[in-house]
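Just need the whole structure built from these sequences, with the hints factored in.
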Amino acid sequence: MITITWRTSHHQLLKKTTTHQHPINLYYWPHHSASFHHLMNPTLLLSIPTWVLSKEDEADQKIFKLLYHTMTPTTTLWLMMMLLRVVIHLKEDGADQRVRRAPRRLFDSMITEEEKENGNEDLVDSVRMRFNAVCRRLGHISCEKAVVTTAFSRFTNLGVRTNKKKRIGPVPGVQPGDIFYFWGEMCLVGLHTQMPAGIDYLLAKDGEAEGLTTSVVTSVGHYNDKTDELHTLVYTGQGGTCKDGKPRNQDLARGNLALVTSQKRGNEVRVIRGVEDPGDKKGKVYIYDGLYVVTHYWIEKGTTGFDEFKFNLVRKQDQPSGFATWKLAEELMKCGSSNRSRKGFVFEDISLGLEALPVPIVNEIDENDKEWPLDFDYRASPESLSMMIVLNHQSTGCNNTCQGGQSCGDPTCLCIQRNGGELPYDNRILLYRKPMIYECGESCSCPADCKNRLSQSGLKLRLEVFKTESCGWGLRSWEPIRAGTFICELVGTAKRRDEIEEDDEYVFDTSRVYKRFRWNYEPELVGEDCWDEVSEVYKLRSEILVSARAFGNVSRFMNHSCLANVM
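Its first residue numbered 239, the sequence shown is counted upward by one per residue in the working numbering.
Just so you know, these hints were derived from the structure itself, not from any lab.
Be aware that one or more of the hints could be misleading.
Cut-off 25 Å, straight-line C-alpha distance, at most; resulting in silico cross-link-like pairs (SDA-like, lysine to any residue) [as the list claims (entries may be wrong)]:
#1 Lys522 with Cys573
#2 Lys565 with Pro596
#3 Lys522 with Glu569
#4 Lys402 with Val385
#5 Lys733 with Lys554
#6 Lys481 with Thr541
#7 Lys404 with Glu569
#8 Lys403 with Leu468
#9 Lys443 with Pro485
#10 Lys481 with Met433
#11 Lys481 with Ala618
#12 Lys402 with Thr387
#13 Lys698 with Phe585
#14 Lys443 with Gly407
#15 Lys608 with Glu743
#16 Lys565 with Val552
#17 Lys572 with Arg666
#18 Lys698 with Val513
#19 Lys565 with Lys443
#20 Lys581 with Gln555
#21 Lys539 with Thr470
#22 Lys539 with Cys480
#23 Lys572 with Val513
#24 Lys481 with Ile537
#25 Lys554 with Leu468
What follows is a set of in silico ranges between Cβ atoms, one per label pair, in the way DEER data are often shown [said to hold, decoys possible]:
#26 Ser619 with Gly445: 52 to 62 Å
#27 Thr479 with Asn395: 26 to 36 Å
#28 Leu590 with Asp742: 17 to 27 Å
Just so it is clear, CB atoms sit at the ideal spot from N, CA and C, and this is done for glycine as well.
This is the structure in structure tokens:
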């Protein structure tokens, strides 16, 4: 699951209302969706699969890596207007003549040759965040089905990658439990460099006289892999299909031969589990499950009646949880929030029905302690003008431009024009981090399910409040969260700095500025012209501090962290 923590510096996300007062929303910004190893308490690894959401509190704002489902809200005011590619024309003698563009600058991947061969955690995080940003952009502007392949090709050609050197064992910067939504991601960070073959192995050019397997990826529905066991895996060999598509016996060659050699040599093999994406039945999620060894193999008849190689792999001990945490999260989703037999169960819904989904409370640190936070009033959304930021905009919605109860999408829509000419979301995912996001409000004629009302439909993620070992109560998710996913609004009381009490641990300070990070795509990686760098962070005219001590919602349980993963 994903633990949610946050820090005192926050980049705030604003949504538009009828009176142009903007509640602060929290979105998940990390480059990847999840990492299942635990942020604070190793004892929670196997007991609760959760992603912890957190806010950043240190000067070095690192890319979040869903540590054991850890989400960190760095509040960033999305007030940056999206720059559109513009072609300028001059009128001369009744004819349009295009202005000559300046030559494109040479692209700098910002990765040295040494770093391309051998990476680290920061490099891996950076490459993955950049890759996800480009995939979002390509998926939005292109009808191509091969978005990931196109993005991977451009990253490879421009040298935006790390850990190119093939290796046996761990990969620098990648931990068991890390989740990948794209096969290309795994290739670019060196976890599995074969695209899309399921077996990756060393060749003679890699310094090995005979092939040794470096990693395998289990399939979803293609081969008959037995993947339900948490610490063992029966992996089906590759091949067995003729060029005309007809089945045949698998050969002891290439990847199959490499697995046999690894069984003889006893080397470590990285295992990546491919599972169905719970948020997209057509998609897949790849979970790095750590290091395994091949214990033995055999040949048996497959479903086609032809010979298949079967390899038994066993997980090495003393590794952070990976696939086991995923399976526990699946069980929680099946049982629901009212599973009183669950370890550490305290209460089924801290919101008392105010949220669209129940938010259970659990305490696995002390199962006999059934107390839960009752020292505040739960509010699902801001109800007071003190939580609003008033902007000097004309108080009109898209009532005159969008008719017939249709979801906004026409470029003439006033709200879309305020967003730079296009919807800020695509498939419920934020496309770019902007200085301001304008959503439709009550004065708009579009329906409640309009694509531009994403943050107004309540919780869509299964969250829970849990007791941490040293940081009080925290917040985590039962399901993986893609970068750009809306989580919740930030609810509390807006205060001046001199009104904040010293012992108030629930303060969200918008004035604190930390190391900048770039979440949006780079035009050169999408094949677009370069434009001048524009800050993604909005500078408020006055500082805003929000206290959730007296009243708030689930966001008040996001702990502060330097590994911010929510904005």
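> Broken hints, numbered, in rising order?
Replying inline: Those not satisfied are hints 5, 7, 8, 9, 11 and 19.
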